[in-house]
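Visitor: Given only the sequences and the hints, what does the whole structure look like? Please build it.
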Amino acid sequence: MGSLNPNPDQTPSPTPADQPYWQINAPPSSPYHPSHPSFSPECRCPPFLVKTLLSPKDLATISTPNHVYKRDTWPEVVQRVRENKLADFQRTPADMWRYLEFCWGIKQSYKGGVKEFILRERLKWDDGKKKKKKKGFYEGCEERGGDVSILWNDWPYGIDERIVHLVVWTKFELEDDPATGDLTEKARGEIDEYVRRTFGGRVPGENIIWFKNWAHIKSVKAVEHFHVMLFDPDPEFVKEITKGDVPLGIIQTK
Numbered sequence: 013m014g015s016l017n018p019n020p021d022q023t024p025s026p027t028p029a030d031q032p033y034w035q036i037n038a039p040p041s042s043p044y045h046p047s048h049p050s051f052s053p054e055c056r057c058p059p060f061l062v063k064t065l066l067s068p069k070d071l072a073t074i075s076t077p078n079h080v081y082k083r084d085t086w087p088e089v090v091q092r093v094r095e096n097k098l099a100d101f102q103r104t105p106a107d108m109w110r111y112l113e114f115c116w117g118i119k120q121s122y123k124g125g126v127k128e129f130i131l132r133e134r135l136k137w138d139d140g141k142k143k144k145k146k147k148g149f150y151e152g153c154e155e156r157g158g159d160v161s162i163l164w165n166d167w168p169y170g171i172d173e174r175i176v177h178l179v180v181w182t183k184f185e186l187e188d189d190p191a192t193g194d195l196t197e198k199a200r201g202e203i204d205e206y207v208r209r210t211f212g213g214r215v216p217g218e219n220i221i222w223f224k225n226w227a228h229i230k231s232v233k234a235v236e237h238f239h240v241m242l243f244d245p246d247p248e249f250v251k252e253i254t255k256g257d258v259p260l261g262i263i264q265t266k
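If you count by this note's numbering, then the sequence shown holds residues 13 to 266, one letter each, in order.
Note that these hints are calculated values from the structure, not bench results. Keep in mind it's a predicted model, so treat the numbers as computed, not measured. Each hint should be verified, as a subset may be incorrect.
Derived DSBU-like pairs (lysine-lysine); straight-line CA-CA distance at most 35 Å [as the list claims (entries may be wrong)]:
| hint | residue 1 | residue 2 |
| --- | --- | --- |
| 1 | K255 | K224 |
| 2 | K82 | K224 |
| 3 | K69 | K198 |
| 4 | K123 | K69 |
| 5 | K224 | K136 |
| 6 | K136 | K255 |
| 7 | K251 | K136 |
| 8 | K69 | K97 |
| 9 | K224 | K63 |
| 10 | K198 | K97 |
| 11 | K224 | K119 |
| 12 | K198 | K224 |
| 13 | K63 | K198 |
| 14 | K251 | K198 |
| 15 | K123 | K136 |
| 16 | K251 | K224 |
| 17 | K127 | K69 |
| 18 | K123 | K63 |
Guide: Put into structure tokens, the structure is as follows:
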């Protein structure tokens with residue numbers, strides 16, 4: 013996973029020894045940050061960072077100063093995917109703080125929660141019903157283009173910033189082997205072909221990797237999807253393939 017070794021490209025800022033874990037990575041725009049005009053020394057842990065709601069991994073990430081996080085390199089990303097150690101991916105501490113805040117806000121204010129928000133606001137799919145895939149993945153996409161959507165990952169992992177992290181959302185199930193919880197060989201082959209024919213003509217093969225998270229580590233379980241990472245692709249191609257999409261993580265910081 014992304015390491016917690018100091019990043020030589022960033023100047024570390026001291027973290028008070030008595031600073032609460034939930035305050036360490038609070039963005040300056042948040043009232044939980046000491047420099048915010050609304051900050052009060054009496055403020056308590058925000059509801060989205062209460063320890064009982066966090067996994068041990070997320071708690072460790074949130075408790076780590078962002079400046080000591082070292083982003084994964086492209087070779088490290090490729091190796092992790094090939095070894096199927098997908099649970100080792102993690103967001104930077106600062107991004108994890110904002111991601112948890114965002115998800116909490118959606119669950120509190122949007123009817124249907126994260127699933128409905130993604131279906132209606134991000135994908136613009138009013139009909140969230142699953143569809144059957146009658147042909148191979150690529151041929152089915154060509155025939156029913158509206159059943160597949162390629163967007164930026166709104167909250168990407170803590171990886172080299174030259175890596176573009178996309179998500180391919182589908183209205184149909186991607187078949188898993190019930191015995192292993194992983195994709196069937198047939199489904200893997202179909203996705204391989206789709207990725208090669210969709211991205212391979214514009215990005216060198218060695219700069220493309222894809223994966224589908226195991227069910228127990230999916231952050232969005234109710235809408236089928238898999239991930240595609242491209243190393244240093246042409247920005248115009250990315251704009252074209254995502255139809256000008258802008259990740260929410262960027263929008264939220266403006």
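Visitor: All the hints need checking, so say for each whether the structure fits it.
Guide: A quick look at each hint next to the structure:
Between K255 and K224 the CA atoms are separated by roughly 22 Å; this keeps the pair inside 35 Å, and the hint holds. Pair hint K82 plus K224 holds up; C-alpha atoms about 24 Å apart against a cutoff of 35 Å. The hinted pair formed by K69 and K198 meets the criterion: a straight-line CA distance of about 33 Å does not exceed 35 Å. Between K123 and K69 the alpha-carbon distance is near 29 Å, which keeps this suggested pair within the 35 Å criterion.
As the CA atoms of K224 and K136 are separated by approximately 22 Å, the hinted pair is consistent with the 35 Å bound. The suggested pairing of K136 with K255 holds, with an alpha-carbon distance near 13 Å, which does not exceed 35 Å. Restraint check: the Cα-Cα separation between K251 and K136 comes to about 18 Å, which is no more than 35 Å; the hinted pair holds. Between K69 and K97 the CA atoms are separated by roughly 15 Å; this keeps the pair inside 35 Å, and the hint holds.
This hinted pair checks out: K224 and K63 have alpha carbons roughly 28 Å apart, not beyond 35 Å. The straight-line distance between the Cα atoms of K198 and K97 is roughly 21 Å, inside the 35 Å bound, and the hint therefore holds. Straight-line distance between C-alpha atoms of K224 and K119 comes to about 24 Å, which keeps the hinted pair within the 35 Å bound. Note on K198 and K224: the hinted pairing holds, with a Cα-Cα distance of about 14 Å set against a maximum of 35 Å.
Distance check on the hinted pair: K63 and K198 sit about 41 Å apart at the alpha-carbon level, beyond 35 Å; violated. At most 35 Å may separate the alpha-carbon atoms for a hinted pair to count; K251 and K198 meet this at roughly 30 Å. Proposed proximity of K123 and K136 is supported: the alpha carbons are some 15 Å apart, at most 35 Å. At roughly 23 Å between alpha-carbon atoms, K251 and K224 fall within 35 Å of each other, so this suggested pair holds.
Distance restraint check for K127 and K69: the Cα-Cα separation of roughly 23 Å lies within the 35 Å cut-off, and the hinted pair is therefore satisfied. For the hint pairing K123 with K63, the CA-to-CA distance comes to about 25 Å; that is within 35 Å, so the pair holds.
This entry does not satisfy hint 13, going by the numbered hints stated previously; all others are met.
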